[in-house]
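Just need the whole structure built from these sequences, with the hints factored in.
Line by line, the protein sequences are chains A and B.
Position 851 of the first sequence, counted from 1, bears residue number 851 in UniProt numbering, the numbering being contiguous throughout.
Position 88 of the second sequence, counted from 1, bears residue number 88 in UniProt numbering, the numbering being contiguous throughout.
To be clear, the hints were calculated from the coordinates, so they are not data collected in a lab.
Computed from a predicted model, the values in this text were never measured in an experiment.
Note that beta-carbon positions come from the ideal geometry of N, C-alpha and C, so glycine has one too.
Please note that a few of the clues may not be correct.
Unchecked claim - When the alpha-carbon atoms are kept at most 27 Å apart in a straight line, the in silico DSSO-like pairs for lysine-lysine are as follows:
{"no.": "1", "chain 1": "B", "residue 1": "K31", "chain 2": "A", "residue 2": "K49"}
{"no.": "2", "chain 1": "A", "residue 1": "K3", "chain 2": "A", "residue 2": "K386"}
{"no.": "3", "chain 1": "B", "residue 1": "K31", "chain 2": "A", "residue 2": "K8"}
{"no.": "4", "chain 1": "A", "residue 1": "K126", "chain 2": "A", "residue 2": "K49"}
{"no.": "5", "chain 1": "B", "residue 1": "K31", "chain 2": "A", "residue 2": "K3"}
{"no.": "6", "chain 1": "A", "residue 1": "K543", "chain 2": "A", "residue 2": "K707"}
{"no.": "7", "chain 1": "B", "residue 1": "K92", "chain 2": "B", "residue 2": "K22"}
{"no.": "8", "chain 1": "A", "residue 1": "K559", "chain 2": "A", "residue 2": "K707"}
{"no.": "9", "chain 1": "A", "residue 1": "K386", "chain 2": "A", "residue 2": "K543"}
As the list claims (entries may be wrong) - Far from chain A, some chain B residues (derived; all Cβ distances over 12 Å):
{"no.": "10", "residue": "R76"}
{"no.": "11", "residue": "T81"}
{"no.": "12", "residue": "L101"}
Claimed, not checked - Away from chain B, derived, C-beta distances all over 10 Å, residues of chain A:
{"no.": "13", "residue": "Q33"}
{"no.": "14", "residue": "K126"}
{"no.": "15", "residue": "Y188"}
{"no.": "16", "residue": "T308"}
{"no.": "17", "residue": "L428"}
{"no.": "18", "residue": "K526"}
{"no.": "19", "residue": "E692"}
Chain by chain, the residues:
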Amino acid sequence: MEKPQLPKWIVVMLRWICPAELFEMIEGDLIEQFNADVQRFGPARARRKAILHALDFIRLGIIARNGMPSFNVPMTFHFFRFFFRGMKRHAGYSFINISGLALGLATVLLMMIYVLDEYRYDRFYKDSEKIFRIVSKIDMGGEVLHTSFSPNALSDAIKQDYPQIEYVTRATLFGMSQPLTSDKSEVYAQGLAADQAFFNIFSFTCIEGNLATALDPSDLSAIVITKDLATKLFGQYHDVVGNTLRDGRHIAAVIENVPNNSHIRFEFVTGFMPYSPGMAIWGNFGSYHYVKFKDTRNVPEVQRSLQTLMISRLNADPHTAGFKGALRFQPLTSIHWDDVTYSMEPAGKGNKQYAIIFSVLAVFILAIACINFTNLATVRGIRRAKEIGVRKTIGAVRFQLVTQLLGESLIAATIAMSIALLIAALALEPFNALTQKHLAFDYQSFGVPLLISFGAMILSGILSGIYPAFVLSSVKASSLMKGAPSANIGGGYLSKSLVVLQFTFSIMIVSGTLVVYSQLQYIQNKNLGYQRENIIRIHKGSKKYTLLKAALLTHPGIKSVCAADQNLTQVFGAGGIDWAGRTTTGAVLVHSIAVDPDFVETMKISLVKGRNFSPDGNLDTASLLANEEAARLFAIGDPIGLRVQGINKGGATVVGVVQDFHFKSIHEKVAPILIQRRDNEFNYNNIMIRVEGDMQQNIATIEKIWKQFNAEDPFLYSFMDDDFASLYRAEEVTETLFKLFAGLGIVIACLGLFGVSSFTLEMKNKEYSIRKVFGASSSSLFYSSTIHHLTLVFIATIIAGPLAYYFAAQWLGTFAYHTALSIYPFVIAGLVSIVLAFATVAYQSARVAVTKPNAILRAE
Amino acid sequence: MPKEYLGEFEELILTLVAILDKEAYGNAIVKEIEEQIHRQVNLGGVHVTLYRLEDKGYIKSRVGGATSERGGRRKRFFTITAAGLALLKSMKEDRQHLWKLIPQLK
Chain A
1 MEKPQLPKWI VVMLRWICPA ELFEMIEGDL IEQFNADVQR FGPARARRKA
51 ILHALDFIRL GIIARNGMPS FNVPMTFHFF RFFFRGMKRH AGYSFINISG
101 LALGLATVLL MMIYVLDEYR YDRFYKDSEK IFRIVSKIDM GGEVLHTSFS
151 PNALSDAIKQ DYPQIEYVTR ATLFGMSQPL TSDKSEVYAQ GLAADQAFFN
201 IFSFTCIEGN LATALDPSDL SAIVITKDLA TKLFGQYHDV VGNTLRDGRH
251 IAAVIENVPN NSHIRFEFVT GFMPYSPGMA IWGNFGSYHY VKFKDTRNVP
301 EVQRSLQTLM ISRLNADPHT AGFKGALRFQ PLTSIHWDDV TYSMEPAGKG
351 NKQYAIIFSV LAVFILAIAC INFTNLATVR GIRRAKEIGV RKTIGAVRFQ
401 LVTQLLGESL IAATIAMSIA LLIAALALEP FNALTQKHLA FDYQSFGVPL
451 LISFGAMILS GILSGIYPAF VLSSVKASSL MKGAPSANIG GGYLSKSLVV
501 LQFTFSIMIV SGTLVVYSQL QYIQNKNLGY QRENIIRIHK GSKKYTLLKA
551 ALLTHPGIKS VCAADQNLTQ VFGAGGIDWA GRTTTGAVLV HSIAVDPDFV
601 ETMKISLVKG RNFSPDGNLD TASLLANEEA ARLFAIGDPI GLRVQGINKG
651 GATVVGVVQD FHFKSIHEKV APILIQRRDN EFNYNNIMIR VEGDMQQNIA
701 TIEKIWKQFN AEDPFLYSFM DDDFASLYRA EEVTETLFKL FAGLGIVIAC
751 LGLFGVSSFT LEMKNKEYSI RKVFGASSSS LFYSSTIHHL TLVFIATIIA
801 GPLAYYFAAQ WLGTFAYHTA LSIYPFVIAG LVSIVLAFAT VAYQSARVAV
851 TKPNAILRAE
Chain B
1 MPKEYLGEFE ELILTLVAIL DKEAYGNAIV KEIEEQIHRQ VNLGGVHVTL
51 YRLEDKGYIK SRVGGATSER GGRRKRFFTI TAAGLALLKS MKEDRQHLWK
101 LIPQLK
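Here is the structure:
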């Protein structure tokens with residue numbers, strides 16, 4: 001019978017963890033014990049016991065006894081000295097190596113902070129997953145309107161019949177800053193009106209007062225303010241509850257400031273006045289509704305039921321019969337990144353697509369940088385073949401070599417990480433300005449990204465060290481000592497394909513940049529149907545509008561003045577209309593904007609047919625202008641003279657047709673719009689002034705005149721082209737980031753190519769010299785060495801082009817109007833990369849080509 | 001020089017090395033502890049403690065004695081050093097001094 005043996009694997013394991021001088025005796029003890037156990041308990045149990053005994057040797061007291069050379073002081077010293085000596089001798093390499101990785105890590109760090117901050121929107125509210133906003137989709141008969149407003153009747157209906165919903169509140173933002181006056185100071189602040197339940201739904205930290213009763217519906221003069229506003233008003237945020245403002249409102253509570261990543265932002269909250277019966281109807285989509293569920297499993301059921309209720313109520317009312325639309329419970333946490341853009345969105349909505357694009361770009365950059373780091377470290381490791389050979393000869397064991405080489409690349413990666421942190425910290429300020437965020441260098445925003453980039457750092461450190469560490473340490477010392485190792489040791493295919501990958505990424509980013517740039521150019525130069533340059537828009541109506549206008553027009557710099565009830569760059573208002581000879585059924589809702597007669601002239605919108613409103617003096621409320629799209633909607637040969645119901649009381653007649661103009665983002669198609677007049681022009685909240693000449697002087701003039709007629713109102717204005725540009729902020733940020741990424745990507749990739757090419761050429765020094773001796777010309781050598789590297793970039797171009805084209809087409813598809821996608825960006829990106837790569841390689845090749853062969857061959 | 005101390009387990013192992021005189025090695029110690037005071041100890045723990053005591057200079061080791069019951073592996077025998085013995089003695093004296101101060105035992 002064969003004698004029972006110790007399981008083999010535990011012996012292997014022990015050999016691995018135990019110091020050599022102890023292993024034999026430990027193994028002996030185990031065998032002895034095992035044999036005794038076999039006698040006592042039989043082989044099976046003895047084996048189990050032996051395994052337990054063996055595992056018991058995995059202790060620090062044993063493992064730490066492995067005499068690790070780098071742990072003893074002189075060797076550690078030697079190790080660092082070698083590292084820094086190497087850094088110094090190959091300063092260029094080290095610089096390329098470390099700075100490339102540092103840039104990559106810094107980029108990823110910042111990008112991740114950005115994406116994470118976007119992701120965290122609204123998630124800090126307690127039970128955020130139970131909170132929903134009710135949003136609406138309104139089918140306007142042709143156009144579909146998505147709005148974050150919902151019917152006014154919702155709140156009462158929910159309170160009566162839906163116990164599944166724990167809390168419901170109405171909310172509305174005051175469009176403009178409102179003046180609040182205390183004894184000490186006057187402050188303009190952004191406000192919100194909401195019901196008592198607002199504070200049950202959103203968990204704000206109360207500093208003073210009682211939020212549970214602060215917005216009691218019986219006391220509409222109560223106001224809740226934020227810490228900052230309290231400080232501005234009273235110079236302190238404690239002991240302010242009970243204070244009264246000049247308008248009679250009293251402070252009921254003070255809360256912490258609203259965090260920057262809340263979709264709804266405000267500085268004060270007042271009670272929401274109860275609706276009059278005429279207002280609390282289903283047909284009026286007039287405010288936000290937020291609800292908090294007890295159990296989110298009830299959401300679909302409640303949503304269905306409310307939808308049915310809404311449709312039946314709307315059908316019961318002759319004004320709104322035939323309405324098509326739907327309600328949706330939008331989860332609070334998805335508001336910021338929702339795919340649908342809802343109108344009346346309280347604050348800048350995020351864009352999930354861009355967050356994804358940025359993340360992908362950041363990963364690309366990091367990949368380029370890591371590949372660089374790996375390639376360069378490999379190259380440098382190979383150059384040290386001789387050093388490693390010598391070390392082996394004088395007795396270095398493999399473990400020591402691996403530790404040393406891996407350790408060195410880890411140290412380099414750590415240095416890169418520290419630099420990356422420094423870069424990120426320094427770049428945070430401009431980055432905030434670019435992305436309009438308020439990120440701080442603190443644990444909250446840096447914690448997770450730091451951990452991830454730390455992981456990336458360790459990974460690239462190990463990956464880059466692994467090749468030289470394991471391959472070189474396994475080669476026989478004698479072959480290492482002979483000089484440059486054979487070509488296949490250079491990991492030929494590996495480093496070549498990595499270079500191709502790097503350039504593929506870079507070319508994709510560069511062509512992406514060109515596409516984004518051309519689309520932005522397209523937007524900026526697109527004929528909007530009106531001229532937005534040289535228009536100053538005052539964000540407030542004037543009670544003495546007619547007088548103001550007359551006074552303004554006396555100044556030579558002011559060409560014309562008009563008023564409108566909405567901002568022309570973002571028209572939201574819409575109403576149901578009907579007209580004689582209509583062939584379609586169901587409700588048709590059309591946008592409308594109310595203006596004064598000078599609107600068409602001031603905005604330079606051209607009249608295609610018919611006439612403009614008659615000039616002032618005669619309030620032309622029965623007349624109407626339609627855009628071409630609206631004329632098409634009417635589907636009538638000549639719309640002039642057409643009577644349209646639903647607009648103004650008693651309807652109005654189309655007197656003219658104007659050219660289509662963009663009154664929304666270019667992401668959307670031009671929709672039908674009706675331009676009308678109303679008899680309350682002083683209520684129009686936008687005054688547009690076309691100016692000419694010195695802008696500063698014009699603004700000063702306008703402000704002076706404004707103060708003259710509206711002493712009590714602040715002079716708030718903007719330039720119309722800025723208003724327009726602000727619609728495309730996301731695109732602008734994308735472009736800037738793309739440019740940055742493109743620059744970084746291509747620079748890092750070129751740095752890498754520089755390193756790799758100089759290495760391969762050095763390896764081939766002798767080959768070239770011998771070829772020269774045999775009569776090869778300098779130019780032919782230059783050609784052959786250059787083409788060798790350019791082929792890689794060329795392959796990358798061929799791979800990157802179609803990929804980038806595909807993604808670019810996807811992105812452009814999100815715009816209703818976009819520039820034609822040509823192949824030029826991709827060709828240009830490829831050419832740029834090839835030219836840069838050529839410039840990188842050419843120097844090295846030229847140096848090799850002109851070196852005298854005897855200088856190199858003599859060294860043998 | 002500050003006085004040196006040993007942990008309970010270290011003291012136990014040191015004592016055992018002294019008891020077993022020239023025959024102390026891993027398994028023998030484990031067996032002896034079991035026989036004398038009926039205490040189960042882990043082989044791994046004994047080894048680690050032995051190495052630690054050797055580091056501290058209280059015991060020293062020599063290699064020798066391969067037997068067939070251990071598959072031809074040699075043993076590492078430990079013997080107590082003068083310093084080890086002195087420490088053991090001083091610990092015993094300290095203990096006795098303290099014992100005398102326990103009123104219940106008087």
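Right, here's what the structure says about each hint:
no.	hint	in the structure
1	K31/B <-> K49/A	holds (15 Å)
2	K3/A <-> K386/A	violated (50 Å)
3	K31/B <-> K8/A	holds (25 Å)
4	K126/A <-> K49/A	violated (52 Å)
5	K31/B <-> K3/A	holds (23 Å)
6	K543/A <-> K707/A	holds (12 Å)
7	K92/B <-> K22/B	holds (22 Å)
8	K559/A <-> K707/A	holds (20 Å)
9	K386/A <-> K543/A	violated (89 Å)
10	R76	violated (4 Å)
11	T81	holds (19 Å)
12	L101	holds (35 Å)
13	Q33	violated (6 Å)
14	K126	holds (50 Å)
15	Y188	holds (72 Å)
16	T308	holds (72 Å)
17	L428	holds (49 Å)
18	K526	holds (77 Å)
19	E692	holds (91 Å)
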